[in-house]
Amino acid sequence: MSLTFVNAEKHINDTIVFPAFDLSVKAGCITAIHSSVNVRAQLIDLLIGNTLLSNGNIQVGKDDIRNGIRNIGFLFLEDGLYDRLSVEEMLFFYKRLYDTDLLVNESMRKIQLDTKRKTKIGQLSYSEKKRVQFACLLLQNPDVYLLEEFDQNLDMESKKIVLLLLQQLRSEGKSIVMLTGNMESAVIAADEIYRLDDQGLHQVQLETDMEEEGMKDDVSKAADLVQPVRFEKIPTKVNEKIVLFDPPEIDYIESNDGQSFIHIKGESFVSPFTLKELEERLLPFGFFRSHRSYIVNLQKVREVITWTRNSFSLVLDDSEKSTIPLSKTKMAELKNMLGFK
Amino acid sequence: MMFSLRRVNAIFQKDYKEFSRNMAVSSVIFMPPILAAIYGRMGIDSIESHYLIINMTFAMITAYVQCCLIAEEKEKNTLRGLMLSPATTGEILSGKSLLSFLLTGVVIVISAFLSEYKPENITVVAIAIILSSFFYIGLGTLLGLFAKSVMEASVLVIPAMILFSFGSFITKLAVQYPILKVANYLPNIQLIELATEVENGAHFGDVLSQLAGIIIWVMIIWLLTVVTYRKRMVD
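First to last, the sequence lines map onto chains A and B. The opening position of the first sequence corresponds to residue 1 in this note's numbering, with each subsequent residue numbered one higher. The opening position of the second sequence corresponds to residue 1001 in this note's numbering, with each subsequent residue numbered one higher.
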């Protein structure tokens, strides 16, 4: 079953939260909607039925959402679990509440908490609680899954478990919508990414058309790259000042809305160059284009994580342990560089 | 949608487990039996003192526990999950009310046994007590809708506790301040009046006015609760 937004529009008094957009979330597909916290809160309120759209409608399958919302399962950022119940009791409660035939043991195994079945939820870690929340959602077995920032602050193990679960759900033909403000997590988990803000809904292109873009750029590049002096520093703009950075200082570079952001020690600076130009300049310093919108300083990479067979991340050795998406094709390239066959 | 007893039962069992593990709230159920035991040993057996304990049970257990059950769901953001589930509001409230109702019943029976209270006509008294507990469950639900956390619930319930458990003193004050005669219509005073009549050998037909008084209170409080619920949930 699919979730469809038809001409959906929301404004509060004079402020536009989002202008009219159409979006159809297909079954068997993970769709990410990247938005600000405010837009996200509004979307959730709409889907719960707390508020109404200013215009247009939202449908689950063929039903208008105003007639009931039984087919959507929500995973909220706040956990909503009973701290004094054990994991097992919590899941049995959900099983009875939703009157399902699905097995509690099965869902407990899927989130890999069978060893902690008797542990009180209050004593679990944040990530484990999130997994319990996921298990409740599995028992609920809705057609549409709505996940609010599901991987925020999750530890590596839980993230892996959850991503694997999402792959399974996708292959079962469920529609999964993730609402997030974090592009990295969207890139790692989702098949399609949209950005929703007061300018409307825009699809964020993933790596598929990367090669074409490369071809286009080649022509203009030759002209650009004539530099009178050999100059290695990378200029960035801070308000009206121009600040120069040594390439080894840079952790990674991210492109967002056509702008390049250089991340250094947890701070980000706007660069006037495109990612393509920066890649050309930085290649000799051991930088690597790990994804269509990311360049990473390979000297700073600590770990390569394999989430599922075709989603990967790089973990950096900086203070925030940033994770950078690594696309499938680039993974092969990186393996070559590292000497793996 | 059908009213499902399975879901009510699921909610009841969940609340029972949560309640029994939350000592801060569940320890109040020991108060009335302890007081009853002391009264019983001291040989105090006036009808007022028996009903001081019973009314205290209503305020401290029925209303307070019900209020805390609802406030805690709100505090921990679990109410949203329940509301999004197939369980209707009626089922959620029934599950919760069932717990406070059963607790009240058990505590009143134990306290009556300990304070050696043996009513002359047990059916009439039982009916009156059951009706009164509906009133206090409604009161607890209403306060629970206003409270945002268990802490707030404990504060909100204090005025109700004072008014309803020690309310019988107001009748004495009313001799001095006639305005307080209004208090004679409070459900707790009605209950005491009914019990006194029963001790004097009254039958079902003789206490209809008091029973009607309690029923009116039950209706008022549930009407208020439903109105408040509609208002609060729209926001």
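Fair warning: there could be bad hints in the mix.
Said to hold, decoys possible - A short list of chain A residues far from chain B (calculated; beta carbon distances all over 10 Å):
| id | residue |
| --- | --- |
| 1 | Asn13 |
| 2 | Ile48 |
| 3 | Asp83 |
| 4 | Arg84 |
| 5 | Leu85 |
| 6 | Gln140 |
| 7 | Lys160 |
| 8 | Leu165 |
| 9 | Pro247 |
| 10 | Lys265 |
| 11 | Gly266 |
| 12 | Leu298 |
What the hints assert, rightly or not - Simulated DEER-style distance windows between Cβ atoms:
| id | chain 1 | residue 1 | chain 2 | residue 2 | range |
| --- | --- | --- | --- | --- | --- |
| 13 | A | Asn57 | B | Thr1123 | 49 to 59 Å |
| 14 | A | Asp64 | B | Tyr1229 | 18 to 28 Å |
| 15 | A | Asn153 | B | Phe1166 | 26 to 36 Å |
| 16 | B | Ser1149 | A | Phe285 | 49 to 59 Å |
Note that these hints are calculated values from the structure, not bench results. Every residue, glycine too, gets a C-beta built ideally from N, C-alpha and C.
Hints, verified against the model:
| no. | hint | in the structure |
| --- | --- | --- |
| 1 | Asn13 | holds, 17 Å |
| 2 | Ile48 | violated, 7 Å |
| 3 | Asp83 | violated, 7 Å |
| 4 | Arg84 | violated, 4 Å |
| 5 | Leu85 | violated, 6 Å |
| 6 | Gln140 | violated, 8 Å |
| 7 | Lys160 | holds, 25 Å |
| 8 | Leu165 | holds, 19 Å |
| 9 | Pro247 | holds, 47 Å |
| 10 | Lys265 | holds, 36 Å |
| 11 | Gly266 | holds, 31 Å |
| 12 | Leu298 | holds, 43 Å |
| 13 | Asn57(A) x Thr1123(B): 49 to 59 Å | holds, 57 Å |
| 14 | Asp64(A) x Tyr1229(B): 18 to 28 Å | holds, 25 Å |
| 15 | Asn153(A) x Phe1166(B): 26 to 36 Å | violated, 50 Å |
| 16 | Ser1149(B) x Phe285(A): 49 to 59 Å | holds, 55 Å |
Consistency with the previously given hints fails for numbers 2, 3, 4, 5, 6 and 15, ordered from lowest to highest.
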